[in-house]
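Chemist: So the chains spell out like this:
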Amino acid sequence: MAVISSTQYQSATGDRASWLVDVLLLLFMAALVFGVVQFGRQWLVPATPLEHQSLEIDLSPWALPVYSLKSLARGFLAYGLSLSFTLLYGSVAAKRPRAERVMIPILDILQGIPVLGFLPGLVLGLVAIFPNSNVGLELACIIMIFTGQAWNMTYSFYGSVRSVPVDLREVARLHNFGVLKTFKTLEAPYSMIGLVMNSMVSMAGGWFFLTTTEAFRLGDRDFRLPGIGSYMSEAIDKGDRMAQAYAVLAMALMIVATDWLIWRPLSVWSERFKSEEVAGEREESFVLSILMRSRLLMQFGEWRRRRQSARREKPSALAPADQTSQVRKRTSAPAWEHSLPLLGWLATSAFGGLAIWGGIKLTQLIWELTLNDWLKVLISLCMTFLRTTTAVLLGALWTVPAGIIIGRSRRLSRKLSPVVQVIASFPAPMLFPLVTMAMLWLGVDFAFGCTVLMLVGSQWYILFNVIAGAQSIPGDLRELARMYGVTGWPLWRTLYLPAIFPALVTGLVTAAGGAWNASIVAEFVHYRDQTLIAPGLGSLITKSTEDANFPLLCAGVLTMSLALVVINRVLWKRLYALAGSRFMLTGKS
Amino acid sequence: MTIKIIEPFSETGSRADLIAEARNISKTYAEESGGARMALQDVSLAISPNEVVCILGPSGCGKSTLLRILVGLIQPSAGTVFSHGRQLHGIHPGASLVFQNFALFPWLTVEDNVRVGLHGRGLSRSEESDLIATTLEKVGLGGVDRAFPKELSGGMKQRVGLARALVGKPELLCLDEPFSALDVMTAEALRSEVYRLWSEGKSGLSSVLLITHLIEEAVFLSDRIVIMDANPGRVRAVVSNDLGHPREYRSREFQDFVDHIHDILTAVHLPDVPVEPRIPHAAVAERITPIPAVTLGQITGMMEILHDHGDEMDLFDLNEFVSNELGQTLTVVKGGELLGLIETPGDLVKLTPEGKHFLQASVAERNDLLASRMKGLGIFRMVLQMLDSAPEGSLEDEEVVAAVAAHLPREPAKQLSDTVCDWGRTVELFDYDAVREVWSKKTLE
Chain A
1 MAVISSTQYQ
11 SATGDRASWL
21 VDVLLLLFMA
31 ALVFGVVQFG
41 RQWLVPATPL
51 EHQSLEIDLS
61 PWALPVYSLK
71 SLARGFLAYG
81 LSLSFTLLYG
91 SVAAKRPRAE
101 RVMIPILDIL
111 QGIPVLGFLP
121 GLVLGLVAIF
131 PNSNVGLELA
141 CIIMIFTGQA
151 WNMTYSFYGS
161 VRSVPVDLRE
171 VARLHNFGVL
181 KTFKTLEAPY
191 SMIGLVMNSM
201 VSMAGGWFFL
211 TTTEAFRLGD
221 RDFRLPGIGS
231 YMSEAIDKGD
241 RMAQAYAVLA
251 MALMIVATDW
261 LIWRPLSVWS
271 ERFKSEEVAG
281 EREESFVLSI
291 LMRSRLLMQF
301 GEWRRRRQSA
311 RREKPSALAP
321 ADQTSQVRKR
331 TSAPAWEHSL
341 PLLGWLATSA
351 FGGLAIWGGI
361 KLTQLIWELT
371 LNDWLKVLIS
381 LCMTFLRTTT
391 AVLLGALWTV
401 PAGIIIGRSR
411 RLSRKLSPVV
421 QVIASFPAPM
431 LFPLVTMAML
441 WLGVDFAFGC
451 TVLMLVGSQW
461 YILFNVIAGA
471 QSIPGDLREL
481 ARMYGVTGWP
491 LWRTLYLPAI
501 FPALVTGLVT
511 AAGGAWNASI
521 VAEFVHYRDQ
531 TLIAPGLGSL
541 ITKSTEDANF
551 PLLCAGVLTM
561 SLALVVINRV
571 LWKRLYALAG
581 SRFMLTGKS
Chain B
1 MTIKIIEPFS
11 ETGSRADLIA
21 EARNISKTYA
31 EESGGARMAL
41 QDVSLAISPN
51 EVVCILGPSG
61 CGKSTLLRIL
71 VGLIQPSAGT
81 VFSHGRQLHG
91 IHPGASLVFQ
101 NFALFPWLTV
111 EDNVRVGLHG
121 RGLSRSEESD
131 LIATTLEKVG
141 LGGVDRAFPK
151 ELSGGMKQRV
161 GLARALVGKP
171 ELLCLDEPFS
181 ALDVMTAEAL
191 RSEVYRLWSE
201 GKSGLSSVLL
211 ITHLIEEAVF
221 LSDRIVIMDA
231 NPGRVRAVVS
241 NDLGHPREYR
251 SREFQDFVDH
261 IHDILTAVHL
271 PDVPVEPRIP
281 HAAVAERITP
291 IPAVTLGQIT
301 GMMEILHDHG
311 DEMDLFDLNE
321 FVSNELGQTL
331 TVVKGGELLG
341 LIETPGDLVK
351 LTPEGKHFLQ
361 ASVAERNDLL
371 ASRMKGLGIF
381 RMVLQMLDSA
391 PEGSLEDEEV
401 VAAVAAHLPR
411 EPAKQLSDTV
421 CDWGRTVELF
431 DYDAVREVWS
441 KKTLE
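Quick note, the sequences are listed as chains A and B, same order. Note that the working numbering numbers the first sequence so that position 375 is 375, with each residue one more than the last. Note that the working numbering numbers the second sequence so that position 120 is 120, with each residue one more than the last.
Hints were generated in silico from the structure; no laboratory data involved. Nothing here was measured: the structure is a model prediction, and the numbers come from that model. Built from N, CA and C at the ideal position, the CB exists for glycine as well. One or more hints might be untrue.
Here are some chain B residues the structure puts well away from chain A; computed CB gaps all over 12 Å [unchecked claim]:
id, residue
1, Asp17
2, Pro49
3, Leu97
4, Ala267
5, Val294
6, Glu304
7, Lys334
8, His357
9, Leu408
10, Pro409
11, Glu437
Calculated cross-link-like contacts (lysine-lysine; reagent style BS3-like; alpha-carbon spacing at most 25 Å) [stated by the list, open to error]:
id, chain 1, residue 1, chain 2, residue 2
12, A, Lys95, A, Lys376
13, B, Lys150, A, Lys181
14, A, Lys573, B, Lys414
15, A, Lys184, B, Lys150
16, A, Lys238, A, Lys184
Produce the entire structure from the sequences given, and follow the hints as far as they go.
Modeler: Structural data, given as structure tokens:
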């Protein structure tokens, strides 16, 4: 499927515009190549063992673009990993019912696990494997980002593959499409829209883990990587206000740029895969229209097409152009695809073996803990639970009304939605030290201030979802309310609040997840020369990492994961079921 | 001109001759909430060369399933499928399929959609393009090879489907209700088109298998009509069509043949057998029979229509009046019969005295009448008994569905229980709470 068809997009405004675009494209490619090479060089830098090194970070604003690009590169590498995982895992889960019964619950659990809890362990482990270069750190960073990006993309892809219309699947089977061809012609296009949307969300979520990992320090050991996260943390350490401002600006710019240059054009391009026949509002992307004018791309498309037809222009065994000759019978799917089930089994058993081995080692480790230790863990759990719940509820208190007010006005939502999107994508941990400073200055006890930290990171998800929910309240219901003069509190009680309930649940779940994840970096903060600790599970995890108390660390992470899984089952699943059965706006569920 | 009814499956001739053959095919689907649905029961069908076969029947009679089994898309639960005398493994190499809802890839051009039909044949690009261009010309789509499906009308989309099916030069062209998603005039044009393509006899097309629920379509196109029944899906009769070509809808012979098919269909679907007798007491062992999945509103509506037409109508006139698929009309009629409001002597559908009284009655009287009728049906009595003996007079939805599945293992239990619930609630036989999914006894006021 060529993006461009040369006959369709002849530039009417003359060649000058398209040449300009071509030049820009070439420059961009050159920059990309250079960046990749530089990045690769950094990985192989044989530095002095990291234990004794402290990362030098240049705080001048001219160094910032390089740092930003490095962060960007990490983000995209992780995205590539997430995408591959999505396609593989999602395909298998969607097509093999037996595997599905195991794979989807696993995905469920993975989604609920507090990823940041594994950061210390992951970093230490990988650094131990690669002591002499940055490879270990970079890998740790990319894996952390991956765990923040992959799950919702996988869910979306899995859902799309499962909802491919039966008819089209039958066409594919009727003509003996192999696995690869079915994917290329049927499943990939069908799931493209959902994938692009979820990629946007995933990239946004990835910034959180990216900046946190880049700024990671453990006690007096410096595990930071050159990037925008470490730039910010250094700027805060040195109290350099200008640098902090630049960092925030750069981060915001990066978010807006990736959205505008990459995701929006992709999203508009993927509109072609919409299977509905309704002529809806066509979104426009300035960047995409510019790219369409590029002659380079057009010629590239032509060249590819010619190569393809030349490749298949082999002399055929049939008598040419003979109408009555029998077209040769269909061949079955390519041979290598028959070995796929075997590969699947190997992968599963390898994975299963690893999981069992890991489980045994874990139990051995935890066995060393005393009852006292476990008590400490449980109490910490309760504290953090209280904090996260408070944070989410406080957030909901103002975001629900605000979201409804914004969402129900088309004007307001059109202006404010993108802004909220950017704010929600902004990685809160980057701002934590600033918020802490404000709290200290106000004299707020850190145990409370910590809740505010969690709030800062998570409330935007609620706002974002409530806005979306309010936008989709059908006009019918609103007209009805106006006709019968229903206003004020009764209007909110009977229309707005029930209508946004499903969206609210989604927002709450995301916000709670964010708050729990944030607790690991929010409850234990190094600010200048102070260490602020709020008693809770997050600080327990971080502190036990610093003290190298691995049994306690494992117990902490395990407990948090279990707690989240239980909350998911007991609370979120019920809320979703309630939303689905009573509050859906669209007909029978 | 004789009209003979052939008992199913009396083909002679060597098996290698037959393009496709299904012997004693059964297909059962397990329902999620218990029970099973027997889509096909012991069906046998053979397709010989050079013939047009139509499978005629109401929706749900398994004709699509049978088609897909013959072509190799679905595996039967029992029985064997042959292709030219050999057992079929995988997809039938000489068959192609045209779908009811076109099944085109929305993101591929017309040309690429047709190209799908040539997949895996090892042709070079230019050979493919030639074949595609010729086939598109043949179906009348010469100029739109670069268009996308969303730019085309329904008729043109189906032509693309046809082109895709024909480009690979199949020997058996299968069509699954190919014109039902089109308006009457376009359907007419395409019907003649398909006939022309087959009768020209070029490009190796030998036989056509068409699934339809339209009697006139079957009479127009077929050499043999296979009449199927639903629940479970079975072949009830095979009729040979010896009308000469060209066939005209308005000719005497054509209309006679259509009438005869009407008769066969009524005999098949609405046999003149007494409806379930009313058993006033539960002393005798319950005979629980399924009830059709229709609403009381539909039954009432149909009764009003009958009343407007003098309290009785020919079944097929009624069907045409409501512009429904025959199967749907039959289901509503059966529902009315079960409630004693309608009777079906021969080809007619007419109101019973109770039915006439019903139409004059007030809403409350109607509900009472219906309620007392329902209490005479086994399945309702079972539910009411369960409610009586349940703690606090309430039952979970799943319990009811399980009980229905236990008594009627061959029926879709959830659908049945939903219909029972719908009927019962409307006449206030019991209550249902949709949020908690609980059935409860009607409290006396």
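Chemist: None of the hints should be skipped; say for each whether it holds.
Modeler: These are the hints, each one checked on the structure:
no. : hint                   : result
1   : Asp17                  : holds (18 Å)
2   : Pro49                  : holds (15 Å)
3   : Leu97                  : violated (6 Å)
4   : Ala267                 : holds (34 Å)
5   : Val294                 : holds (17 Å)
6   : Glu304                 : holds (27 Å)
7   : Lys334                 : holds (24 Å)
8   : His357                 : holds (34 Å)
9   : Leu408                 : holds (24 Å)
10  : Pro409                 : holds (23 Å)
11  : Glu437                 : violated (9 Å)
12  : Lys95/A with Lys376/A  : violated (45 Å)
13  : Lys150/B with Lys181/A : holds (23 Å)
14  : Lys573/A with Lys414/B : holds (24 Å)
15  : Lys184/A with Lys150/B : holds (20 Å)
16  : Lys238/A with Lys184/A : violated (52 Å)
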